[in-house]
Amino acid sequence: MADLIIETKDLVKKFGKTTAVNGLSLEVPAGSIYGFVGPNGAGKTTTMRMLTTLTRPTSGQAWIAGHSVTTEPRAVRRAIGYMPDEFGVYDDMRVWEYLDFFAACYDIPESERRRLIEDLLELVDLTHRRDDMVDKLSRGMKQRLSLARTLAHDPSVLILDEPASGLDPRARVEIRELLVELSRMGKTIFFSTHILADVSEICTHIGIVEAGQMIAQGSMEAMRAQLQPHREITVTVRDQESVAAVKEAVAGAPDVVGVSELEPKSGRYRVRIDFSGDDNGVADLNARITRANIAILGFAEETKDLEAMFMRVTKGIVS
Amino acid sequence: MTTNAQALEMLSPRERLLEQAGSILQRGAIANAIVAGVALLLGLIAGLRIIPFSLLQNVLLIRYGGAADSALAIVILMALLDLSLLLVVMVGVLAREIWALPALLLLTLVNIAGLIGLGFTPALVTIIFAGWALIALRADTQAFRVNPVMMKELRGRMRGVRAFAVMTVYLGLMSGFTTLLYLVYSSFTRSSGSAAAGEIGRVLFLGVVGIELLLIVFIAPAFTAGAITGERERQTYDLLQTTLLATPSFVTGKLESALGYILLLLLSGIPLESIAFLFGGVSELELLLSFIILLVTAIALGTVGIYFSAAMPRTLMASVRAYSVILGAMFVVPVVLSAILNIVNDLLFSKLGGASPLLETIVRYLDLLLTSVNPIAAGLSAQDLLINQRVLGFWAYTLHSNGSTIPLVSPWVTFTIIYLTISAVLIVLTIRSTRQTSVE
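Residue numbers (my numbering), protein chains in the order written: chain A, 94 to 412; chain B, 2 to 441.
Since the hints were made in silico from the structure, they are not lab data. Small disclaimer: the values here were computed from a predicted structure and weren't measured. Check each hint, because a few of them may be wrong.
Here are the computed lysine to any residue pairs in the SDA-like style, where the Cα-Cα straight-line distance is at most 20 Å [claimed, not checked]: (1) A:Lys102 - A:Gln306; (2) A:Lys229 - B:Pro53; (3) A:Lys229 - B:Gly157; (4) A:Lys340 - A:Gln319; (5) A:Lys340 - A:Gly374; (6) A:Lys229 - B:Arg235; (7) A:Lys340 - A:His323; (8) A:Lys229 - B:Gln236; (9) A:Lys229 - B:Arg156.
Throw the hints in and build the complete structure from the sequences for me.
Right, here's the structure in full:
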């Protein structure tokens, strides 16, 4: 495995009798964009609060950039930029003052702050709102400002809790682009979300968490391969006889794992073929059906999206 | 963040240096407490005629010309003053306040002056510890800076028309009250026939200072009780915690911004107090004394507010606790205690017909202590001493029982020491409890 910048081992957090995080083990490689996905109440925020030294784990260990969150909190704080799901509103503050205050909290000398603020505002495209009051900004702008704040001390890891929640589509795309940009600058980005479209769009790695436990994690390609062992091909035909003919035609083909009939949809009959072969095999299947002289309306491979993947992994554990 | 975890952590060189200097100053404060305690013990022994006071004076306060027993009282109070100032500077150093280094230097110089001028040998304790801390901190003078939290709070507080409006309303009300007081009092004296201008001046002065004190009692805790709970409620506290902002900086910054505004209100009230000069009867010294007492009260009450703000989860609860404690300490406790003291006084001096000198001494000192825990009592009795006996600091009180004298001090001195020490201790406790509650 590549260099891990965030690592946890059997992390447990209990609040009284309820267990929020139950033996979670995370592995986030340096330089990745890691999507931390799970249903509400799965323990995502609690995990992030432990990683950011805001909450002490009941048991287990966590390291960020090689520093333990329990014994070296200050070193961890130096390495991370954290954005909670709630935007901390200080009323009566201008945009530049907001950044100036947090830069000062990170011990950046006053002489360097002015340039830093200009650079940060330019990065998140808020230069024109420099002197506006923070609470007059739109939600998307606040989120971008918040992101600029986390960058004040040039951390190597960004820990973002639901960075895109509650944003309109345009603002969401802007945040997404910003994250990709930051990743290009060499930052590791670890963010929680339940918007799977964001994950499939930008993430290099994904971890799926449920009931305080990690169910699956790894690089996007590995996860896709792991969660989707078969290709699914749907053949659409005109009538019931053709269904039987298709079944017969592909029955003897190599790498066919299963053939089943689907419910007819708007008068059309469909057959699903679970297939584990490569592209040549798919072409061969197509040829077989054509040779059998069946009237074909459609021959298509279903690409499973992340949502279906997510549903498949998480199903069964909820109930 | 437990102390254990902190001990394990690799601190940056700057953080380690500040911790080191802080603990040096803390040890200095403890050493001063020991000095004061030992001096008090020696005083008791001398009081029993086992060793002479003059011997103590020759060791502890060599060049003092006054009575030997009051020399000992001076030594005790100066050690206590050093104690409270060292604690205040310690908090300043830990919070990396820009004023901390000059204050430390000033404290050292004043103690050197005390050593040379008065022969106050216990000053050596403070000189050694403060000097040691100064030498340690010399390595990184860049560590000290304007507190970012104070900066942020003051920017917010002073913006727009609100701060201006509050001050205008405040001064308007104060002026109105002063005018009213003048009209009522002058018409009263006109009808009764005696119209001493000095009397009017004094009444106006006391009226304004009294209102200001009342204002501080209500405003100071209100400004600070929401300081930490407010950050929690607005969910900005998490943000601050993940930055490198140290808890002492956070707590002191909050306190400074609240006190900064109160200081502004007090300063803007001075011209109003000075109207008394037109009528006479009030000296500049009284003005200065009143200002010190008001400021020290504001500091102490502000710290009470911030202490409860750190200890309580909600602003409302913090405010309720802070006001209960303050109103109790300001009004209820003094009334109860002075009633008890009065009864004791009566029993001792009238009913039993002349008490022993020892008992009378104890009652006198208890009386002083009691006066010193309340700003109103301390202020009034300091003013009384100033006007009637021309006493600003130490004086000799003649016992009724046997005509011998005991050393006493004007209550504003003891008041300042007690309140500053309480404030410093409360800040240290606040920092501790903020650290504890921050990680659940």
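Numbered hints the structure breaks, given as an ascending list: When the structure is compared with the hints, numbers 2 and 4 turn out to be violated.
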